[in-house]
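2 protein chains.
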Amino acid sequence: MLIVQKYGGTSVGDTHRIRLIADRLLATQREGNQVVVVVSAMAGQTDRLMQLAQEVGGSTGLENHTRELDVLLASGEQVSIALLAMAIRAAGGKSISFLGHQIRIRTDSSFSRARIRAIDCSALTSALEEGMIPVVAGFQGIDDEGNITTLGRGGSDTSAVAIAAAISADVCEIYTDVDGVYTTDPRICPDARKIPRITFQEMMELASLGAKVLQIRSVEVAHRFGVALHVRSSLNETEGTIVSDQAPMEDIVVTGVSLDLNQARVTVYGLPSRPGIQAGVFQPLGAAGIVLDMIVQNPPEDGRSNLSFTLPTRQLEHSLKLLQSNADKLDLQKLKSDDQVAKVSIVGVGMRSHSGVAQKMFEILSDAEIEILMISTSEIKVSCLIPRFAGEEAVRALHLGFGLASEDV
Amino acid sequence: MLIVQKYGGTSVGDTHRIRLIADRLLATQREGNQVVVVVSAMAGQTDRLMQLAQEVGGSTGLENHTRELDVLLASGEQVSIALLAMAIRAAGGKSISFLGHQIRIRTDSSFSRARIRAIDCSALTSALEEGMIPVVAGFQGIDDEGNITTLGRGGSDTSAVAIAAAISADVCEIYTDVDGVYTTDPRICPDARKIPRITFQEMMELASLGAKVLQIRSVEVAHRFGVALHVRSSLNETEGTIVSDQAPMEDIVVTGVSLDLNQARVTVYGLPSRPGIQAGVFQPLGAAGIVLDMIVQNPPEDGRSNLSFTLPTRQLEHSLKLLQSNADKLDLQKLKSDDQVAKVSIVGVGMRSHSGVAQKMFEILSDAEIEILMISTSEIKVSCLIPRFAGEEAVRALHLGFGLASEDV
Numbered sequence: 001m002l003i004v005q006k007y008g009g010t011s012v013g014d015t016h017r018i019r020l021i022a023d024r025l026l027a028t029q030r031e032g033n034q035v036v037v038v039v040s041a042m043a044g045q046t047d048r049l050m051q052l053a054q055e056v057g058g059s060t061g062l063e064n065h066t067r068e069l070d071v072l073l074a075s076g077e078q079v080s081i082a083l084l085a086m087a088i089r090a091a092g093g094k095s096i097s098f099l100g101h102q103i104r105i106r107t108d109s110s111f112s113r114a115r116i117r118a119i120d121c122s123a124l125t126s127a128l129e130e131g132m133i134p135v136v137a138g139f140q141g142i143d144d145e146g147n148i149t150t151l152g153r154g155g156s157d158t159s160a161v162a163i164a165a166a167i168s169a170d171v172c173e174i175y176t177d178v179d180g181v182y183t184t185d186p187r188i189c190p191d192a193r194k195i196p197r198i199t200f201q202e203m204m205e206l207a208s209l210g211a212k213v214l215q216i217r218s219v220e221v222a223h224r225f226g227v228a229l230h231v232r233s234s235l236n237e238t239e240g241t242i243v244s245d246q247a248p249m250e251d252i253v254v255t256g257v258s259l260d261l262n263q264a265r266v267t268v269y270g271l272p273s274r275p276g277i278q279a280g281v282f283q284p285l286g287a288a289g290i291v292l293d294m295i296v297q298n299p300p301e302d303g304r305s306n307l308s309f310t311l312p313t314r315q316l317e318h319s320l321k322l323l324q325s326n327a328d329k330l331d332l333q334k335l336k337s338d339d340q341v342a343k344v345s346i347v348g349v350g351m352r353s354h355s356g357v358a359q360k361m362f363e364i365l366s367d368a369e370i371e372i373l374m375i376s377t378s379e380i381k382v383s384c385l386i387p388r389f390a391g392e393e394a395v396r397a398l399h400l401g402f403g404l405a406s407e408d409v
Numbered sequence: 001m002l003i004v005q006k007y008g009g010t011s012v013g014d015t016h017r018i019r020l021i022a023d024r025l026l027a028t029q030r031e032g033n034q035v036v037v038v039v040s041a042m043a044g045q046t047d048r049l050m051q052l053a054q055e056v057g058g059s060t061g062l063e064n065h066t067r068e069l070d071v072l073l074a075s076g077e078q079v080s081i082a083l084l085a086m087a088i089r090a091a092g093g094k095s096i097s098f099l100g101h102q103i104r105i106r107t108d109s110s111f112s113r114a115r116i117r118a119i120d121c122s123a124l125t126s127a128l129e130e131g132m133i134p135v136v137a138g139f140q141g142i143d144d145e146g147n148i149t150t151l152g153r154g155g156s157d158t159s160a161v162a163i164a165a166a167i168s169a170d171v172c173e174i175y176t177d178v179d180g181v182y183t184t185d186p187r188i189c190p191d192a193r194k195i196p197r198i199t200f201q202e203m204m205e206l207a208s209l210g211a212k213v214l215q216i217r218s219v220e221v222a223h224r225f226g227v228a229l230h231v232r233s234s235l236n237e238t239e240g241t242i243v244s245d246q247a248p249m250e251d252i253v254v255t256g257v258s259l260d261l262n263q264a265r266v267t268v269y270g271l272p273s274r275p276g277i278q279a280g281v282f283q284p285l286g287a288a289g290i291v292l293d294m295i296v297q298n299p300p301e302d303g304r305s306n307l308s309f310t311l312p313t314r315q316l317e318h319s320l321k322l323l324q325s326n327a328d329k330l331d332l333q334k335l336k337s338d339d340q341v342a343k344v345s346i347v348g349v350g351m352r353s354h355s356g357v358a359q360k361m362f363e364i365l366s367d368a369e370i371e372i373l374m375i376s377t378s379e380i381k382v383s384c385l386i387p388r389f390a391g392e393e394a395v396r397a398l399h400l401g402f403g404l405a406s407e408d409v
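Protein chains in written order, with our numbering: chain A, 1 to 409; chain B, 1 to 409.
Hints listed in this document are in silico derivations from the structure and should not be mistaken for laboratory results.
Remember, predicted model here, so these are calculated numbers, not experimental data.
Treat the hints with care, since some could be wrong.
Unchecked claim - Calculated cross-link-like contacts (lysine to aspartate or glutamate; reagent style DMTMM-like; alpha-carbon spacing at most 25 Å):
1. A:Lys-94 - B:Asp-144
2. A:Lys-212 - A:Glu-55
3. B:Lys-94 - A:Glu-63
4. B:Lys-94 - A:Asp-108
5. B:Lys-94 - A:Glu-145
6. A:Lys-94 - B:Asp-143
7. B:Lys-94 - A:Asp-144
8. B:Lys-94 - A:Asp-302
9. A:Lys-334 - A:Asp-302
10. A:Lys-94 - B:Glu-55
11. A:Lys-94 - B:Glu-63
12. A:Lys-94 - B:Asp-108
13. B:Lys-94 - A:Asp-143
14. A:Lys-360 - A:Asp-185
15. A:Lys-94 - B:Glu-145
16. A:Lys-336 - A:Glu-317
With the rest of the complex left out, here is chain A (with noise of 0.2 Å):
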């Protein structure tokens, strides 16, 4: 088999646990595999460097040293590349290390949160011809032009993803300091299972529960070139979660619970009926690159209507301002919003097939006694919007409710 595996910053976070990765990585190659590795920067750097970037930087804005502040974050898996690559030689193996512009990993220009574009696959496929453990830098790659460019928080995955894609991998495993992918968050409830199998359709609606384990934009790049996921632990040998796009055998109805507390509503009162309008009330927001969430709209009445979303709370204050500003040209009445609310989700391919499924969501919720406060469904997924203190007694209803804990779902 041809692998992928990459290892997060906590897996990479000592001297000693990356003498344990090369150990496993050998393991896994004298097994008759092929392996690349894709490593993210040792736990604990990012942050220092970023605070170093704050004490530089930070009085005017870290926004506006975006091309800077990618060249510094790179750096951080500079370092665990070559460490890696070390310890792979030092216990035997074969190893070479490449930076994200030595296997021009080409992205677009958006530093901090650039797409990749392309990846050229020669240097690493004449790694592996020569037996050797390619380690390569996650989270970075180049432009045209020839600058540094990052991913993002937890862009790594999605340089794993991407460069099995490329080479394809018969299977990228993402390692992390837990099992794999849980039917909802364990710190809510302690009865949570380990899922086997979940499909990419699912596991990118259950973000919230994913982003725990791993990046949900690697997810889709997943999903678009097909390249199986396996979710597991750096720290055991046990099997974790696999993201395919097989669905399991048997006949689930609900995969999944998950909970987001980071969301916020607003409320737009009195919005005028005419058509445009919404696009017109949007329009700033998305050019700030703020992306909402849960959408609702009440039916008219005497000509106005009631709009209601969500959107990233550490964007509210933001976007208050950018509605603001636009609310006389559009004739709006009155803006509301309230961040102590949260979000909590079903997700499972099996409602195509099943009808009541939102219904019995709600009747559980309402047997909780919890206010809904806002719903949006999608084909696999329904959410609704509750009190914020209503947030994890909701998880726990719905997982008890939906049979998710016991085995026989």
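Put chain B on the given structure of chain A with help from the hints.
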């Protein structure tokens, strides 16, 4: 003026000092100059990275991991260029950072001690034309295959001089934490004076003095390309030492006194007199990259002579093994070594036109009752190997004897 400024690790040791350098660079620019700045890794970084390397690869000897070691160490300069570029921008200037590969500092492939072959200045020139202060990573380059290379300890000085040569800078200012080059080590001789002007040749001969302020290899490059160096302090505005082709106007015979405690002496007894015998002795040392310093051979008696030479103390043991393995073949009678020695030297271009300088040195040492073990002379330098314990005493006697302490030499 077009100025290259180089700041060492201490000068960029923390974010406060980085901001001070940004201010200094902007002040230089405001005076109507164009400035390119070359920086080293923040003080302490290289040691920290070497420690990590030792932990993962040390068991097999780091000399087996030079390619990866260079990838690792080059990350240090990557951090400092990004931070300095940010600091310049935060202080209102325009700046862009460049890694070795981004301005194609092409080197050979001798990892950890690469030599610069060429630099592509087009990106630097464009940046200067746009009013920017380009910040270049010292110490690093790239070979023909795109591997990261480093130039060895102190290589940032060489980077700065090479860049100054490539862009035809008017001067290359080397900033350090001392005021310039002194007539001798002020820790040994408290009345040592700063030398205002010194020639390249004198500077190279004063290697052991100079090594504290700039890498001697950089002086060779500066000499070859006629780049004037200005060695000065980053802590104040005082003029430092100008190193150039021009000797000072005054008739100074001895410019400085240096002491080298890193040389050990080897003596080969009973060397047979036949053509090529010295080449036979030295061949294995040369092949191992060991550089000899003083070499003295007595005239032969009874067809055999004694050959003494000095080499770096840290390579003594290895050298003795190499010599021993060859001893039978070459019919050598005995090998002896002594690492309790010191080399004291007087240097000055004025010696060329003054006779009796060496004689005066011997008299001064004799008056101080210091035994002379070996002597070697060049046009502008006289060196004596003496017992190690007498090293500092010899420096003080010569510094006083040649009138270096007073202003009216």
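Hint by hint, here is what the structure shows:
1. Annotation: proposed proximity of Lys-94 of chain A to Asp-144 of chain B holds, straight-line Cα distance about 22 Å (limit 25 Å).
2. With a CA separation close to 29 Å, the supplied pair Lys-212 of chain A and Glu-55 of chain A exceeds the 25 Å bound.
3. Taking the CA atoms of Lys-94 of chain B and Glu-63 of chain A, the gap is near 15 Å; set against the 25 Å cutoff, the hint holds.
4. For the suggested pair Lys-94 of chain B and Asp-108 of chain A, the alpha carbons sit about 23 Å apart, so the restraint of at most 25 Å is met.
5. Straight-line distance between C-alpha atoms of Lys-94 of chain B and Glu-145 of chain A comes to about 19 Å, which keeps the hinted pair within the 25 Å bound.
6. Using a Cα cut-off of 25 Å, the hinted pair Lys-94 of chain A and Asp-143 of chain B holds, with the two alpha carbons roughly 21 Å apart.
7. Between Lys-94 of chain B and Asp-144 of chain A, the direct Cα distance comes to roughly 22 Å. Compliance with the 25 Å bound is thereby established for this hinted pair.
8. With a C-alpha separation of about 56 Å, the suggested pairing of Lys-94 of chain B with Asp-302 of chain A is violated against the 25 Å cut-off.
9. Note on Lys-334 of chain A and Asp-302 of chain A: the hinted pairing holds, with a Cα-Cα distance of about 16 Å set against a maximum of 25 Å.
10. Distance hint between Lys-94 of chain A and Glu-55 of chain B is fulfilled; the C-alpha atoms sit about 18 Å from each other, no more than 25 Å.
11. This hinted pair checks out: Lys-94 of chain A and Glu-63 of chain B have alpha carbons roughly 15 Å apart, not beyond 25 Å.
12. Of the supplied pair hints, the one linking Lys-94 of chain A and Asp-108 of chain B holds, its CA atoms being roughly 23 Å apart against a limit of 25 Å.
13. This hinted pair checks out: Lys-94 of chain B and Asp-143 of chain A have alpha carbons roughly 21 Å apart, not beyond 25 Å.
14. Restraint check: the Cα-Cα separation between Lys-360 of chain A and Asp-185 of chain A comes to about 21 Å, which is no more than 25 Å; the hinted pair holds.
15. With a CA separation close to 19 Å, the supplied pair Lys-94 of chain A and Glu-145 of chain B stays within the 25 Å bound.
16. Proposed proximity of Lys-336 of chain A and Glu-317 of chain A is supported: the alpha carbons are some 12 Å apart, at most 25 Å.
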